[in-house]
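Colleague: Residues per chain, in single letters:
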Amino acid sequence: MRRQRRESRVHERYLRHSKKFPNIWCAGCGIGIVLGAIIRAVDGLQLDKDDVAMISGIGCTGRMPVYVDFNTMHTTHGRALAFATGLKMVRPEMKVIVVMGDGDALAIGGNHFIHAARRNIGLTAIVVNNLTYGMTGGQYSPTTPIGALATTAPYGHIEQPFPIAELAVAAGAAFVARSTVYHVRELEKYIARAINVEGFAVVEAVSYCHTTLGRLNRWGTAPEMMRRLKENSVTLKQAESMSEEEKRGKIVRGIFVEQEIPEYTRLYDRIIERAQQRTSLQVETA
Amino acid sequence: MTTGRIAKELSPASGVLMQGDEACAEGAIAAGCRFFAGYPITPATEIAEALARRLPQVGGKFIQMEDEIASIAAVIGASVGGAKAMTATSGPGFSLMQENIGYAAMAEIPCVIVDVQRLGPSTGRPTSPSQGDVMQARWGTHGDHPIIVLAPSSVRETFDLTVQAFNFSERYRTPVILLMDEVIGHMRERVILPDPNTIERVERASTTVPPEWYKPFENFPADVPPLVPFGEGYRYHITGLHHDERGYPTARLDEIQPWLERIFRKIESSLSDILLYNKDGIEDAETLVIAYGAAARSARHAVELARERGRKVGFLKLKTLWPFAEEVVEHAAARLHHVVVPEMNLGQLALEVERVVGRHKVRRVNRADGEMIQPAEILAAIEDWELAR
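Chains as they are written, first to last, in the numbering used here: chain A, 1 to 286; chain B, 1 to 389.
Do not rely on the hints blindly, as some may be mistaken.
[Said to hold, decoys possible] In silico SDA-like pairs for lysine to any residue, Cα to Cα no more than 20 Å straight-line:
| hint | chain 1 | residue 1 | chain 2 | residue 2 |
| --- | --- | --- | --- | --- |
| 1 | B | 215 | A | 159 |
| 2 | B | 215 | A | 17 |
| 3 | A | 49 | B | 215 |
| 4 | A | 49 | B | 213 |
| 5 | A | 49 | B | 246 |
| 6 | A | 49 | B | 216 |
| 7 | A | 49 | B | 233 |
| 8 | B | 215 | A | 69 |
| 9 | A | 49 | B | 272 |
| 10 | B | 215 | A | 21 |
| 11 | A | 49 | B | 211 |
| 12 | B | 215 | A | 16 |
| 13 | B | 319 | B | 272 |
| 14 | A | 49 | B | 214 |
| 15 | A | 49 | B | 279 |
| 16 | A | 49 | B | 229 |
| 17 | A | 49 | B | 209 |
| 18 | B | 215 | A | 50 |
| 19 | A | 49 | B | 82 |
| 20 | B | 215 | A | 15 |
| 21 | B | 279 | B | 209 |
[Stated by the list, open to error] Here are some chain B residues pointing at chain A (derived, C-beta under 10 Å):
| hint | residue |
| --- | --- |
| 22 | 37 |
| 23 | 53 |
| 24 | 99 |
| 25 | 102 |
| 26 | 282 |
[To be verified] Far from chain A, some chain B residues (derived; all Cβ distances over 12 Å):
| hint | residue |
| --- | --- |
| 27 | 206 |
| 28 | 220 |
| 29 | 232 |
| 30 | 278 |
| 31 | 355 |
Keep in mind that the hints were calculated from the coordinates and are not lab data.
All values derive from a computational prediction rather than experimental measurement.
Ideal placement from N, C-alpha and C gives every residue a C-beta, glycine not left out.
My request is simple: use the sequences and hints to build the entire structure.
Modeller: Okay, here's the thing in structure tokens:
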């Protein structure tokens, strides 16, 4: 009880009161849970709100920044990471958190996602993976499972889904973790670690959309879909001792990679030093 | 390429042989640009190459992004962080940038987009000049929005207008497009650049109000509310949705309408500052030539040839294409029978001239095959008006 009361006060300190409540998300949506986890993670790290930016693209998750009292920017569809790259380069001291949905991050924004990881620029990318385009009403996304029904897959989905965490690892991110909106303590912990990482950090937060894809596929109500996240997920450690057959359809949670590789804006500072050294040399010889 | 030598050779007194693209890069540095994001594309690549070298020398930052969409996005992000920021591209990349140019117009984020025009549509002919993006520069992004578009016709003018583009973008909180063309971008001319200390630089307005009172999109009393960079204690929201004065999304007509009126008003009430052009011999002219960019070079020659033959020809060279200098054109053309508009497209700015002075008065001279318009073609239009009709 006491813990709950303390946390409700945490939210009060980070949510904007001036306007725009209630939020646009459906009752029972997992996006608010992710927002709560981000707020508690930021609070736990004792970051100054002035030093935190939250950047988003388009979609249900894209609406997250407007509610929270940071430097916030709701950009165009798929491009949040590119906007954030420019901001981070001129404000390397800021903690730049980029929140995206699965369509935003991996379909229209897939190119920016892999290149931000490859570049290892110090952004925290949080992907709320609800397996569909919720805001437009349940079309298939790059993470929709094969066989699922979607409004644009009325006869069943035939494309393979992207495993977001594994993709981020392959693209070179410094930190990659996956959890779900059911495992909210774990999610909060991963987000806090991701924010603290120097390079590009990805947290995939597996969620659900009970009003579109869930309804179409008769996956049940929000609590039922939440229970599915609980029952259908295993830790990385558990997964190690499971066969491929056993792992099929399971959500594997855990930290997939955590490595120290040079962060982009720090490397660029060295470029500036090098360029300025050469210029002064040129002036001397001239 | 050859851009590395520029820094060393920038000696104001003696002048340097410089390419238009290089002059653009130097103009950007002189204007205070400290961030560039871009993607290689002919004939604008030299701007990126020059700035990759020059920006870190002055403590600025350069990044080659994964595509042009990311480039303009990073530029807007950097500008929100407080840096004067620019990207440079050509037709295909300019097409890709359009959505985010609209975002910059919507969110009123200062930035400069250079489009070194090449022959289109599509991949077209990458190394051939064109002026085919005049209308795209004005209306390329969806929805009604104001924009400022400048077009240089020489290497020195490229330097000056690049500085001007930054100044306009900061003063009016708007994206500004520098519409170059392949001729101006790749041509080398000997230029004497101005003393850096004499260059007028407009810095972003700051605010004196405390953070809790700050409204980044305030409609009154000023038309251009100050934009405080992220990270300086003024936490606020920026969105591409229609928004209220604090930046929060809105669907209220009484919040959308005043905003829409203001963003047009901030440009339209400052035309005397924004409209740049050169007038020559217009007062006693019988015929007027209106041109811009590379075509203005051929036009200038044609005007001189016509004058040698005893004709009274006025010349109006537009440096600001958008907003269109309607009153200037209307006034200059009022007494005249004919107006000649040479363009390296099939008639884009001519549509504006026709709208202002009447279709019957306008003689278009067009080429969209990747070649320069020859002075003789323009001269023929000046002299053979009656015949041609």
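Colleague: Confirm or reject each hint.
Modeller: Results of checking the hints against the structure:
no., hint, result
1, B:215 - A:159, "violated (46 Å)"
2, B:215 - A:17, "holds (15 Å)"
3, A:49 - B:215, "holds (18 Å)"
4, A:49 - B:213, "holds (17 Å)"
5, A:49 - B:246, "holds (18 Å)"
6, A:49 - B:216, "holds (18 Å)"
7, A:49 - B:233, "holds (8 Å)"
8, B:215 - A:69, "holds (14 Å)"
9, A:49 - B:272, "violated (42 Å)"
10, B:215 - A:21, "holds (19 Å)"
11, A:49 - B:211, "holds (13 Å)"
12, B:215 - A:16, "holds (15 Å)"
13, B:319 - B:272, "holds (13 Å)"
14, A:49 - B:214, "holds (16 Å)"
15, A:49 - B:279, "violated (54 Å)"
16, A:49 - B:229, "holds (14 Å)"
17, A:49 - B:209, "holds (19 Å)"
18, B:215 - A:50, "holds (16 Å)"
19, A:49 - B:82, "holds (18 Å)"
20, B:215 - A:15, "holds (18 Å)"
21, B:279 - B:209, "violated (44 Å)"
22, 37, "holds (6 Å)"
23, 53, "holds (7 Å)"
24, 99, "holds (6 Å)"
25, 102, "holds (8 Å)"
26, 282, "violated (44 Å)"
27, 206, "holds (16 Å)"
28, 220, "holds (19 Å)"
29, 232, "violated (7 Å)"
30, 278, "holds (36 Å)"
31, 355, "holds (32 Å)"
The structure is inconsistent with the numbered hints 1, 9, 15, 21, 26 and 29, although it conforms to all the rest.
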